[in-house]
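J.: The lines below spell out each chain.
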Amino acid sequence: MKKMALGFIFIISILILSACTKPGSMFSISFFEYMDTYISISVYAQDQKTADEYEVVIQDIYKTYHELSTNYEPLSEDSLFLENIYTINQKNNQVIEIDEELYHLIEKAEEIRVLTDGYFDISIGEVVNIWKNLLIDEENGYLFSEIPDSVFQTVLEQIELINLEEDVIELTSQNDRFYIQVKSTHAQLDLGAISKGYATQLVFEYLQGLDIQYFSISAGSSSIAVGQNQAREGGIYNVSLANPLKTDSTDRTYGMIYVKDIGVTTSGDYEQYATHQNLRYHHIVSPKTKLPMQYYHTITVLGEDLGMLDAISTALFSMSPGTLDTWLDNHQSALNLEIIQFNYDATIVTHMITTVFEENAS
Amino acid sequence: MKKNLSVKNKRDILLVTLLFTLLGGIFILFRLFAFQGEAAVANVYYGNSNEPIVSIDFVNYRVIKNYDQNVSNSYDQIYPIIDEAEGTITLLGDYELSGVRQIVVIQYHYGNKTVQIIQEQSPNNICSREGVSSGWPLICLPNRVRVEFGTTPEDFTV
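Read top to bottom, the protein sequences are chains F and A. Here the first sequence is numbered in this note's numbering, starting from 1 and rising by one per residue. Here the second sequence is numbered in this note's numbering, starting from 1001 and rising by one per residue.
In isolation and in its complexed conformation, chain F is listed as follows (with noise of 0.2 angstroms):
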């Protein structure tokens, strides 16, 4: 009779402990469908209905800010939202009510216009339309080919006439209504370099007042936002940075780096570019020269909020050397930012504060 108690007891403690070790575990959300982005998270969640409900959530966030933010095409006629960028950009001079979420969200790209010294500028969109075409036009595109002396030319005559202005965006609000007005006859507001980033941090923060520990989002190639890792110890993810010379080779990656609750961003003239006497023209233009500048193959940004660093990203990707580090000498501290360079001569420069970087070696 004690045998067999023994036994059972014996076969309940192997259920019991079994049955600890997995409370919850790691579930997957992805999608395509806002922002022309392959979307993927990773949370750990009780069940896969807890999970479910996390992703209507997150799908929501990246809905809304594609939405308001596309300077492609009007919002639908159903929907909840007064403008977006493309329906701003047809009424220069205007003073238009807009919603809240989209009021915040330019008001962070001015903060960092102001932050940046106007290296990250959301009004150049005039400018940044020509290059993209110059890239990607289906019918008149020139993506990782050489980009003929004639249309090279004349791409700079246009964008010559341009006069980029300083400082066109007034914000306003009153009895919780909010309001834009783009003081330019032919500005055009373009959020593509912040907006994904902003989404992403937006979804980082609900992740996180869920106090969910484990979780990690992809938003994209160039952009993450990670909290730990539950697979490994110390909840670290090794993140390795991409070769922008080495695209097409198995070998396609110059370090790694160890993190965990951060973001991480890269900005690079590796996914779309076009070449012109030796030089890459890429979709990251420069609100100081209004051209495509060749300082970096990558610049890649480190730091708390994902909103940020993609727009600074692109700020010091148009930043000479010299202004780089003065630009860091004020701001890496306050700002908390880590940087890792991939210079055009394809030396790496690294501006760390606690954050492991390890080259590949060669």
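None of these hints come from the bench; they were simulated from the model. It should be emphasised that the depicted structure is a prediction, and the values quoted were computed from it without experimental measurement. Accuracy of the hints is not assured; some may be wrong.
So these bits of chain A aren't anywhere near chain F, every CB distance computed over 10 angstroms [stated by the list, open to error]:
(1) 1069
(2) 1083
(3) 1097
(4) 1102
(5) 1107
(6) 1109
(7) 1111
(8) 1113
(9) 1122
(10) 1130
(11) 1131
A short, non-exhaustive set of chain A residues, derived as facing chain F with CB atoms under 10 angstroms [claimed, not checked]:
(12) 1112
(13) 1152
(14) 1153
(15) 1155
If you want a taste of the chain F side facing chain A, the calculated C-beta under 8 angstroms gives, among others [what the hints assert, rightly or not]:
(16) 38
(17) 240
(18) 300
Glycine included, every Cβ here is placed at the ideal spot set by N, Cα and C.
Given chain F, work out where chain A should sit, using these hints.
T.: Then chain A, alone, in the frame of chain F:
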């Protein structure tokens, strides 16, 4: 007689207890040592080759064709066929119907880091009945196509 039955019952109970203990132990070992964590890559192999013919990179969301299948000119396609829109890879298996080699269609999902054989011809269709895999290998015989999962040092590339 009553005493004999009692002894027999005790032996039966002991046997059942041992059996449960053994099953419990196997269950715990399975939980401890089965494939855990997320795969970073799934490699598709054909025939006896140890070089993957296709690699599905779950970290960077891309499918890499490493080389073409060696097939006779009577087949008017180059295999494997990678359809990124549908998320499928199609190879020619070794199983023949009326002298024609049959296709094996593998469906992959980047977000879930999973692979499934969704179409194949074979006597028992064992590999297409295995369902969605996120870690255990899928082996299609007699088509001689297999999918094996692996890891890479990185979780993401930016």
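J.: For residue 1122/A, is the shortest CB-to-CB distance to chain F above 10 angstroms, so the non-interface label stands?
T.: Residue 1122/A clear of chain F: closest Cβ-Cβ about 30 angstroms, beyond 10 angstroms.
J.: Check the non-interface label on residue 1097/A: least C-beta distance to chain F beyond 10 angstroms or not.
T.: 36 angstroms, holds
J.: Would you check whether residue 1112/A satisfies its interface hint, that is, whether its CB is within less than 10 angstroms of any CB in chain F?
T.: With a closest approach of 5 angstroms, the residue 1112/A hint holds.
J.: Is the Cβ of residue 1130/A farther than 10 angstroms from every Cβ of chain F?
T.: About 20 angstroms separates residue 1130/A from the closest Cβ of chain F, which puts it past 10 angstroms; holds.
J.: Next item in the hint list is residue 1155/A. Is there a CB on chain F closer than 10 angstroms to its CB?
T.: With a closest approach of 5 angstroms, the residue 1155/A hint holds.
J.: Identify whether the interface hint at residue 1152/A stands, where standing means a beta carbon of chain F within less than 10 angstroms of its own.
T.: Nearest chain F Cβ about 8 angstroms off; hint holds.
J.: Quick check for students: does the CB of residue 1109/A sit more than 10 angstroms from each CB in chain F?
T.: 8 angstroms, violated
J.: Return the status of the interface hint for residue 38/F: holds when the least beta-carbon distance to chain A is below 8 angstroms, violated otherwise.
T.: 6 angstroms, holds
J.: For residue 1111/A, is the shortest beta carbon distance to chain F beyond 10 angstroms?
T.: Answer for residue 1111/A: violated, closest chain F Cβ roughly 3 angstroms.
J.: Beyond 10 angstroms from chain F, beta-carbon-wise, is residue 1113/A?
T.: 7 angstroms, violated
J.: Beyond 10 angstroms on every Cβ pair: is that true for residue 1107/A relative to chain F?
T.: Per Cβ check, residue 1107/A is outside 10 angstroms of chain F; nearest 15 angstroms; holds.
J.: So is residue 1131/A really clear of chain F, every C-beta pair being over 10 angstroms apart?
T.: 16 angstroms, holds
Against the hints set out earlier in the document, violations occur for numbers 6, 7 and 8.
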